[in-house]
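Colleague: Line order of the protein sequences matches chains A and B. Counting from 1, one number per residue, gives the positions in the first sequence under this note's numbering. Counting from 1, one number per residue, gives the positions in the second sequence under this note's numbering.
If you're looking for bench data, these hints aren't it; they were derived computationally from the structure. Here the structure is a predicted model, which means the values were calculated and not measured. One thing to keep in mind: the hints can contain errors.
Unchecked claim - Reference listing, derived: stretches of chain A covered by chain B, where coverage requires no fewer than 3 residues with Cβ under 8 Å from a Cβ of chain B:
hint: 1; segment: 30-37
hint: 2; segment: 44-54
hint: 3; segment: 109-117
hint: 4; segment: 133-140
hint: 5; segment: 191-199
Claimed, not checked - Calculated pairs, EDC-like style, for lysine to aspartate or glutamate (alpha carbon to alpha carbon, straight line, at most 16 Å):
hint: 6; chain 1: B; residue 1: Lys323; chain 2: B; residue 2: Asp519
hint: 7; chain 1: A; residue 1: Lys40; chain 2: A; residue 2: Asp300
hint: 8; chain 1: A; residue 1: Lys162; chain 2: B; residue 2: Asp76
hint: 9; chain 1: B; residue 1: Lys540; chain 2: B; residue 2: Asp515
hint: 10; chain 1: A; residue 1: Lys162; chain 2: B; residue 2: Glu582
hint: 11; chain 1: B; residue 1: Lys402; chain 2: A; residue 2: Asp300
hint: 12; chain 1: B; residue 1: Lys540; chain 2: B; residue 2: Asp76
hint: 13; chain 1: A; residue 1: Lys162; chain 2: A; residue 2: Asp66
hint: 14; chain 1: B; residue 1: Lys71; chain 2: B; residue 2: Asp463
Unchecked claim - With the C-beta cut set under 7 Å, the calculated list includes, among others, these residues of chain B facing chain A:
hint: 15; residue: Pro290
hint: 16; residue: Ala292
hint: 17; residue: Gln298
hint: 18; residue: Leu435
hint: 19; residue: His438
hint: 20; residue: Met596
hint: 21; residue: Lys599
C-beta atoms are modelled at their ideal positions from N, C-alpha and C, and glycine is treated no differently.
What follows is the residue order along each chain.
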Amino acid sequence: MTVIINPEGVADPQASPARTTRATLRRNFWRGVWRVLRRKPSRMAGVVIIVLFALMGIAGPLLYPDNLPRDDNALYAPPSLAHPFGTDFEGTDVLALVVTGARYVLLTGLATAAITVAVGTAIGLFAGFRRGRWDTVLMRLTDMNLAIPGLPLLLVLSTVWKFEGPLEMGLVLGLLGWGGIARAVRSQTLSLRERGFIEAARGLGLPTRHIIGRELLPGMAPYIAMNMLIAVTGAVYAQVGLFFLGVLPFESNNWGVMLNLAVFNGGALTTPAALPYLLAPLLAILLLTLGIVLIVDAMDEIFNPRLREE
Amino acid sequence: MKRLAAIAALAAIATATACGSTGTTDTATAGGVYTTIDGSKQINASAPINPFNPVGSVFSGYNGMALAWPKNDPIDPNQYYPAIASSWTVSPDQREVVIHLQPNARWSDGEPVTSEDVRVSIGLAYTQGGTAYALDPKAAGAAADIQVVDGKTIRITQGANRSSMFLSNLLSTVVVPAHVFGRLLPGDFWSTLKLAQTGSGQAAERAKSRITGLAEKVIGFAPPHDVSAGPFVLERVNPGAALLRRNPYFYNSRAIAPDKVKVLNYTGNEQIWNYLISGRLDNAPFTSVPTAVMERIQEARGSRVVRGYSPVSTAMAFNQAHKPYDNAHVRRALAYLIDRAQVTRIASPEGGTPAATTSGIHAKAARAWLGDGFDRLDPYRVDPAKAAAELRAAGMVLRGGKWAMPDGKPWKVQIHVPASFSDWVSAAKSISSQLVDHGIDATVVTAADYTLYLGELADGKYDVGFWLIGLGPSPYNIFQRLFGQANGWQMFGGRLRHVAPGTEGNWMGGPQVVDAGADGRVDPGELTARLNFASPQEQKQIVGVLARIANQQVPVIQLWDYVNTQFVNTSRYTAFPPDDDESLRLSSGVWMQLGMIKKRQA
């Protein structure tokens, strides 16, 4: 019996031409991604960092017991092999706190980014494409959203709402942060809707849903994706900041709570004893931001052919 | 807080503005400039120079004077150092107090301090309300009559409903100059006051309204410049600091060493730590300090720590209207599971000592009140076996290593603390970890700020929350934290009543009558109220009963007793009060009035 393997690039005569084209495009896209990533080691580093954080978020809490062990005789212990970032105020390993705390931070970031992008893109696209009264109403709504002072509002909200889960936190941050994306997407939509291919689509009588979903959106996808990543960093800063200020519920492994306790309880800004406790979550935030920035750099080149350095 | 220790909250420490220098050159002469902070309030450059204003630029002991200064006595609230009042006599039945003013006391503009100044100050105090100056004549310890005997003597008589705190409340009266503040009182003020106190019907109500209606006017009054009877006068104030210069007319001016006093502002404890590490402060009142920071502070040249008694304890309180905390066995079980020494080591290593037991009283005062009886209280040493027995006695069930409610539903202990008190937060976390170790599902829940925390606590929203207790030295003040308004006993118009849990601020929800063993069935709120007017001997007996009830019923678990940790720097000034001195909780300005603090000789 002979097994015939379809060699790469040779079209299957049974396959539909559209499916073949899409598969080829997808293959070429991922080859392009790989090429762009390899070109600068920093971009690979970015991917590694984000993968590490993703693993921390998914599997981190599984590496430790539900109740992290404490050493009653090692409060604010200095870094050692057993505790690479020392221990906290009750003798818990700081690294374990950072690892187990990653899930909340990342989930909040992702939820915020998803809501920011979904709401912002939908409103921007709709307002830009429909123009007229819809545009006026939606853009005034956007202006109101942009004018809301986020931090003071969150401080007030925190007195009546406990923000008990990352999704609740993400929902609030997302609903406060979609204004910028909505405005940018509307501008892009206004520009694209006058282009020839949109005119042609209209001339062909294609439905609005098809024009927005298949013609306009793909052109803006890279921009939206980059905004989504940047929204993650914004959300991380916002929620860590709120926890640092002490206005959100206490979770000992939350990075913001760790910063708060390191500064106000451990005197980390005054003496070096609690410095590792302060530095560990700071380093985590720094690395996460760095990873996102490096990936955004790669995405920029992937989606913008003019930046490619072939 | 912007983290402040819980004790700081008690003293209503506010932290807000930035700190800096006065922005001008300070001409230090022979006496030099004494630098400190005010532990009771922030500096507000736009606030009036008015002691009735909560943020006013009046600093107690410097340009703010009272009739007398309270001593840090563990049990006697009527121990005072002379200030504007040089001496006082109390009638045996405590009904009448005659106050003699310092013969040489003068205001900083040269005017003498007279009985009229005290009378006007009392009149202004009536507009603000208060224990001794309550408009309701039936209120315990309210002054009924104020009589100027002569230019330097004034007689004040207590109303029918007497209180052992009357003298103490009188002597705490802040004195302001009549020729500056007197215009705030309308011409018919004293007749209106008489009508409010002794009249009846609508006329009396109208009179009361007129007097309380003056409160805002008094608080908002801004004298053009400071007129002080204290050792210093306010020279200028900006958001970074207040500068005070010596008052040449102060009655004991020779005792005052510094020429000027600079009161620095701060945004939080961290700023005070940095001031202390850099050796800028000659004295800082109680400040919560981590061990590592304490070591840095002590390395500063001339730095010294003075420790003394502080009549405050931190406790974990229960809402007994919520299950399972209505059951004393559950409360006792938790007391047996909490390692108070470890909690104190984590939360307040330098500013607290682990509570020896739960008595409702700071250990030092408890020993003075109870004597050997203190040792007979259950110390609640960590004992998981006893805890398990207590939980079983309460009907709680152990399933899969976790304690559950009697009906098998999960038991979740939520310990509430204000997020701004990081010592409480870390204590609560330590307790929750210890309880989890023993199979009790415990978590910490923070409230965004202290005001919100107190509001939600009073609304009965919490099962378990942190609470300050033992606020001595008055035994009534000590036990009203356990068996007072927060636990349903309300004193109104001289009559005590008990309100239902969950109403009128009764969030502790304890029973009105408890079984006190050998003491029989006791109404602890009624006993507490009796402390107000009982003789010293009766007080001792009542305190014994109440301490035993607190120990057995465990409405709270006493965690640690505060230590008044003061910081002084002897590089520029010497003769600070020693450890455990009775003046330790007073400001440096009072220390100077008492003849302490001398310029260090080169």
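Colleague: Evaluate each hint against the coordinates.
Modeller: To see whether the hints hold, each was checked on the structure:
1. 30-37: It is violated, with 0 qualifying residues against the three required.
2. 44-54: That given contact is violated, which follows from only 0 residues of the segment 44-54 of chain A lying within Cβ reach (below 8 Å) of chain B.
3. 109-117: violated (count 0)
4. 133-140: Since 0 is below three, the answer is violated.
5. 191-199: violated (count 0)
6. Lys323(B) / Asp519(B): 27 Å, violated
7. Lys40(A) / Asp300(A): Distance ~13 Å between Lys40(A) and Asp300(A) Cα, so the pair holds.
8. Lys162(A) / Asp76(B): Roughly 44 Å separates the two Cα atoms, so the pair is violated.
9. Lys540(B) / Asp515(B): Roughly 20 Å separates the two Cα atoms, so the pair is violated.
10. Lys162(A) / Glu582(B): 44 Å, violated
11. Lys402(B) / Asp300(A): Violated, because 53 Å separates the two Cα atoms, which is more than 16 Å.
12. Lys540(B) / Asp76(B): 12 Å, holds
13. Lys162(A) / Asp66(A): Measuring from Cα to Cα gives roughly 22 Å; hence the hint is violated.
14. Lys71(B) / Asp463(B): 37 Å, violated
15. Pro290: 5 Å, holds
16. Ala292: 3 Å, holds
17. Gln298: Status violated, d = 12 Å.
18. Leu435: Check failed: Cβ of Leu435(B) comes no nearer than 10 Å to chain A, outside 7 Å.
19. His438: 11 Å, violated
20. Met596: 29 Å, violated
21. Lys599: Interface hint status for Lys599(B): violated (30 Å vs cutoff 7 Å).
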